[in-house]
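Let's have the full structure, built from the sequences with the hints guiding it.
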Amino acid sequence: MGQSPFIKKFITGNFYDEAVLFPAVKKVRRAGYRIHDVFTPFPIHGLDKAMGLRDTSLHTAGFIYGITGTATAVGFITWALTVDWKLNFGGKPFFSLPAWIPIAFELTVLFAAVGMVLTFCYLCQLAPFVKKDHFNPRSTDDTFVMALECTDKTNESDAIKFLMDAGATDVQVQYKETGWWLGRYDKDTMRFEKKKEEVAAH
Amino acid sequence: MSLLRYESQVRPPLVDGDKDYHQITEDICRPVEARPSRAWWIGFLISAALLAFGILSVTMEVIYGTGQWNLNKTVGWGWDITNFVWWVGIGHAGTLISAILLLFRQGWRTGVNRAAEAMTIFAVMCAGQFPIWHMGRVWNAFFVLPYPNTRGPLWVNFNSPLLWDVFAISTYFTVSLLFWYSGLIPDLATLRDRAKKKWAKMFYGVAAFGWTGSTKHWQRHEALSLVLAGLSTPLVLSVHTIVSFDFATSVVPGWHTTIFPPYFVAGAIFSGFAMVQTLLVVTRKVLGLQDYITIEHIDVMNKVIVLTGSIVGIAYLTELFMAWYSAVDYENFAFFKNRLDLNSPYGWSYWLMMGCNVLSPQIFWSRKMRRNLTVTFFMSILVNIGMWFERFVIIVTSVYRDYLPSAWSTYYTPTIWEVGFYLGTFGLFFTCYFLFSKFFPVIAIAEIKHILKRSGENYKEKMDVVENEDLNKFSAEQTGAPLTS
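Heads up: the protein sequence lines correspond to chains R and Y, in order. For reference, each letter of the first sequence is one residue, going 1 to 202 in our numbering. For reference, each letter of the second sequence is one residue, going 1001 to 1485 in our numbering.
If you are wondering where the hints come from, they were derived from the structure by calculation, not from laboratory data. Don't take every hint at face value.
To be verified - Straight line, CA to CA, 30 Å or less: simulated BS3-like cross-link-like pairs of lysine-lysine: (1) K1198(Y) to K176(R); (2) K1438(Y) to K1197(Y); (3) K131(R) to K1201(Y); (4) K161(R) to K9(R); (5) K1196(Y) to K131(R); (6) K131(R) to K1198(Y); (7) K8(R) to K1196(Y); (8) K1285(Y) to K1368(Y); (9) K176(R) to K1196(Y).
Encoded structure:
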């Protein structure tokens, strides 16, 4: 397989125990191999730290969406009931904030939840009809699959041996077309932002 | 690493049997991948028939108007709003289990949360039907939304609890749906990767959104779940609080009560847990999931039932005390003549409510009873009957005798179409639940795997050995003698 810019080479290894996986991740990183991703059937706490991933800022996004919801509710109701059409409810003040708290709260939650889920789907590039490659279908069952990305400098047989020594079984070399469907653990390629020319190039 | 996650032996295992990750996948996917059983078809067809009858009942109401229901001069809210509050209440247990127990780090929620969340969504769907069709001219239902209209624009009344309800219920439904589905995505990916049939590959392929199980995605997924749980917790409390405001902000004796919000929320969790028990006692048996929904789960949920049932009981007594202490004639009349008096027209419903909600759950102080499936199932039905009557008592006994005896209504009984509408929502609920249990994993696969090494039976046993060894070694190092006891 030549060095086509659209084909990448990966070495994948399977792990069946977190207790083996964690030291392996550390060893592989220390040896300077580039981990493309580790695919796991369930969230493993601490694996993101071990892989050197930064924390997600999804929380911050959620907070901003929530504040937007509060502002929308309070702003709109204030405008509707004190500016646009003043209605006298039993002589109470037009600006009656306590009575608006329930709706302001509901919109805060609604905006935060919907916004966060959409952001989550965007960041992870998840949507109906999207297909992605995750090297081994058993990684959604019982297998932790580590995929190393090979560069020009990577010695294939050394890397395979290294992975096996680290405790991986069924080590394989896999060739993948590059593209949005591969994704990357540190940075997802933004499929929905892709320019037309780039798509045509494939 | 697994040592760091070690959990005390005091807590019983949450996953029975000698399981590994693959076995969990197999066990939970089996009912989804197998052909539906005869029992499933019978249940599904009965539900669909009920749903059809419900549709007929609603059609009658739409064609001929709300006059098809026996609502009368003072009983403007009867079975419809009773059913609405009842269904909304049932929904609350799902969010409690999935959100509040996640924040409190309760490992046992993982066995039951998926089914309970699904129950929430279906129950809220059923609840929403009642206020919508109660509008009569249902084609004008969109009038409740604040949209720019040609009447001014004349905005909706943002100060009204009925409008708060619109926002609360629709937000609750949306957020519950998002929470449920975002949790389902990894499990749908599991089904997708196992699928052999063409339609299954296609269906789960579309539904799984291209999930891969990438570490970064899991990290974001965890963050999302946690924040959604944090949002859902106050949300679920707000929803039934706002539903209770529909009554509490009025000046009708029997409704004009400041303890309604906490009392309604406790009642909602109470009835919701009862419905979870009804569903899961059957589901675990039919789908063979006894290793995941264990007696331990049933036991803890029964503890919640006895707790919330007792809170509800205190609320009933507080109401009575406040009515007496207020020294207001009308309050006294509403509570002591219209409800407590067994000889009054609806006295029987008050005592039925008291018996089912306050007295009967006390049986669960006994551990033996909490762990008895037959008793649990029977009790869960009883509690739901009781909680239906609570809403009936609150609504009907407060309004059937107005301030003026001349406006006292005749005895309110529902028509066949009111009953049919209620039965129809059962049809809707169970049709959805049957479809859910056939096409989706009823237990959160990834979450069970996540707790397996802390709470699985076989791992607990292994940890027991490790713990004893370590203690002996530790003791020997410190005191020069191994630990003896």
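Hey, K1285(Y) versus K1368(Y), does the alpha-carbon distance stay inside 30 Å? Distance ~20 Å between K1285(Y) and K1368(Y) Cα, so the pair holds.
For the pair we were handed, K1438(Y) and K1197(Y), check the Cα-Cα distance against 30 Å. Given pair K1438(Y), K1197(Y) holds - Cα atoms ~15 Å apart, limit 30 Å.
Under the criterion that the straight-line Cα-Cα distance not exceed 30 Å, is the pair K176(R), K1196(Y) satisfied? This hinted pair holds, its Cα atoms lying about 24 Å apart.
Below or equal to 30 Å on CA atoms is what counts here, so check K1196(Y) against K131(R). Satisfied, since the Cα-Cα distance of roughly 17 Å is no more than 30 Å.
Holds or violated: K131(R) and K1201(Y), Cα atoms, limit 30 Å. 12 Å, holds
Is the Cα-Cα distance between K1198(Y) and K176(R) 30 Å or less? 25 Å, holds
Taking only the CA atoms, is the gap from K8(R) to K1196(Y) under or equal to 30 Å? With a Cα-Cα distance of about 29 Å, the restraint between K8(R) and K1196(Y) holds, given a limit of 30 Å.
30 Å limit on alpha-carbon distance, applied to hinted pair K131(R) and K1198(Y): 16 Å, holds
Decide if the proposed pair is consistent with the structure: K161(R) and K9(R), CA atoms, cutoff 30 Å inclusive. 16 Å, holds
Hint violations for this structure: none, all hints satisfied.
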